[in-house]
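Residue numbers (numbering that gives the first Met the number 0), protein chains in the order written: chain X, 0 to 264; chain L, 0 to 131.
Keep in mind the hints are simulated off the structure, nothing from the lab. C-beta: ideal position from N, C-alpha, C; glycine also. Since no wrong hints were added, every one of them can be taken at face value.
Incomplete in silico selection of chain X near chain L, CB under 7 Å:
hint : residue
1    : T9
2    : K13
3    : G42
4    : G43
5    : V44
6    : T47
7    : A48
8    : R49
9    : C155
10   : P160
11   : C195
12   : G198
13   : I200
14   : L207
15   : K211
16   : Y236
Residue strings, one per chain:
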Amino acid sequence: MKVSYFPGCTLRTKARDLDLLSRRCAEALGVTLEEIDDWQCCGGVFTTARDEIATKLSSVRALKAAKAKDQMLVTVCSACHNVIKQTNHAMQTDSDFALRVNNYMNIGDPENQPYYGETKVLHFLELLRDVVGFERVQAAVKNPLTGRRIGAYYGCLLLRPGKTMAMDDVENPSIIEDFLRALGAEPVIYAMRNECCGGYITLEDKGLAAKKSSAVLADAKSAGAEAVITACPLCKYNLEKNGGGEVPVIYFTELLAEALGIKED
Amino acid sequence: MATEKQNEMRREQILRSSGVNPRKCMKCGKCSGTCPAYDEMEWHPHQFVQMVADGDIEPLLKSDSIYKCLTCFACVDRCPRGVEPAKLVEAVRLSVIREQGANHMKPDDIPAMLDEDLPQQLLVSALRKYAK
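Chain X on its own, in the form it takes in the complex (with noise of 0.2 Å):
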């Protein structure tokens, strides 16, 4: 099957393998990811004024080239899907929001369609969990990653907020901890895992950012985790950056390529 895919600006730069090895993963699991034309920055972060239209016009163009193909839209970037996702949310339940984006919308081209947030978001974890199946991802593994264990980071982006992002349950997740079962690896349950990194606050207070990142990883580490895995590259960078170092931070993508076989491809 065909869906639409939303790489975000740090898959094409400092996170290429993330890019990279999500569409082969995909392709051997029988999923194309099909890049959307001319996308745009989805801005790293929502913002959650109402009034803010223009910061959220990059999401919607995205949103509305996948409804064109009659397709869902996937994401593997946390921040990219967390943008888009209440974007999309936004624009479903949020009738002044909606008609304002719209009205940005028919600007040059008033054979425009109207958008009401019709098209389906889903992270690649999901598109894993709900369209492809983990059972058939397990079915898939060549080289199982027994003994292997592995402490989820969800961090703040991939859940919350809990009801618009609607993916799993925000306290006691367990999408990645039963990716890591697919895979044969063995799930460490640590409490900071949906605990911030400290995000974009390290730009001007590397101190918050390494005390929240060097909390979770220190966790991670006393629940016996050999490594953690993320799906956000501003939480890759905080816990390597700021987190002291002492478990190795790794993309889901990374660990999902080695059981399938296709890493060095």
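Please arrange chain L on chain X, whose structure you already have, making use of the hints.
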């Protein structure tokens, strides 16, 4: 010093833009208890809620606390009353940086902050939160 009228207009704008009703708050303090930036804040999430409800806006506008919120949505999901304090913090921050020349971070500041591993996502996120 802003006049009372100006502050009242700003307060109304903040409430409208955030969509938050601070009067739903039952003062349990869970938002501040779960906030990852609590230690760095002069005014904490529960105080934002209380002060906006009371019309005591000016100290918030002048405080660096508006730049400490990480938009992690912990307070949004964990509030038992659905007050969503992060949306209020954001609306106060926007109320400040939307003024002429009030951007908290400028593109010219960026080069000095770069390192070779820094993801683009970090720059766009910071600019979105700190600048209009």
